[in-house]
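K.L.:
Sequence lines, in order, name chains A and B. Reminder that position 42 of the first sequence reads as 42 in our numbering, one-by-one numbering, no gaps. Reminder that position 134 of the second sequence reads as 134 in our numbering, one-by-one numbering, no gaps.
Honestly, the hints are just simulated from the structure, not real lab data. Source: prediction; values computed, not measured. Treat the hints with care, since some could be wrong.
Unchecked claim - According to the in silico footprint, chain A covers these stretches of chain B (three or more CB under 8 Å from chain A):
1) 13-21
2) 70-80
3) 90-99
4) 112-121
5) 132-139
For glycine and all other residues, C-beta sits at the position ideal for the given N, C-alpha and C.
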Amino acid sequence: MRASVERLILIVGAFIMIVGMPAVILAAVALGKITIEDMLSTNPLVIIPYAFVKIGWGLLWAIVAVDWVIHGSHGMRRILGELIKSEGGRKVASYLIDAIMVITTVVMFYVLVFVP
Amino acid sequence: MRSGRGVGEWFRWLNIERLYFLIHRLTAIYLVLYIFPRPYLVLLHGSWEEALKLDMTPLGRVLAALFIFAILFHGINGLRIVLIELGVVRGWPLRDPVKPKPALRVSKTNMALMALTILVTVVGTALGIYLVIYGAETWP
């Protein structure tokens, strides 16, 4: 993958998260699915993403979570690219990251949409 | 940065921008290590409720507090980096013979975003840690 394409995916992914995460949370609050009182008195890990699965917004949150995985995978490829010395090593790391990204994306989507 | 120079390269010639980028990278690594195993844990336990029990242990709470710090810093600083990469935030270097300044340090927007990163991270982490320790552990 060309560095410019990877950079574009990283930036687009970052934007989706920066805009998407607050947007989904605010939409849930605005529609009364999650109250502000509950939000400000609950462990954040209970709200994200457990509360979204519970109110039936798992699919919506899956979009953000899958983007999270893609952004993270490309970021890791960049970081590993700085650390690995050989071109061959970077190629192996790249294939490994691609495999992890695809599998994790599928599993993330599955658990957010189909696991109660 | 040249590739293959190792983690030590991240810590060399530290200035404010490099320090921010160092923390950005470290928080990125932590976020990947924290988030990527999560769907597999849910799959392993069979439900979100069961997986959540791990987060309510003392170790789970410490990791969650670190996660809140990491996501806040990485998110706000990431927005600053994206704005720099897109050319929205930019400045002209000060070519002073005695005290030159690089372009980004001249940019008031960049410095304001750097201050905002610290402010939001500190306030958000404090609130997050409070909720991780004292917040409700079940969804109503």
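K.L.:
Now tell me, hint by hint, if it's right for this structure.
P.N.:
Here's how the hints hold up against the structure:
1. For the segment 13-21 of chain B, the stated coverage by chain A is violated: 0 residues have a C-beta nearer than 8 Å to a C-beta of that chain, whereas at least 3 were required.
2. Closer than 8 Å: that is the beta-carbon criterion, and the segment 70-80 of chain B has 3 residues meeting it against chain A, so the requirement of 3 holds.
3. Coverage of the segment 90-99 of chain B by chain A is violated in this model, with 0 residues showing a Cβ closer than 8 Å to a Cβ of that chain against a need of three.
4. Note: the segment 112-121 of chain B has 0 residues with beta-carbon separation from chain A under 8 Å; the three-residue rule is not met and the coverage is violated.
5. Counting residues of the segment 132-139 of chain B whose beta carbon lies closer than 8 Å to any beta carbon of chain A gives 6, which reaches the threshold of three, so the coverage claim holds.
Hint compliance for this structure: hints 1, 3, 4 are not met, and every other hint is.
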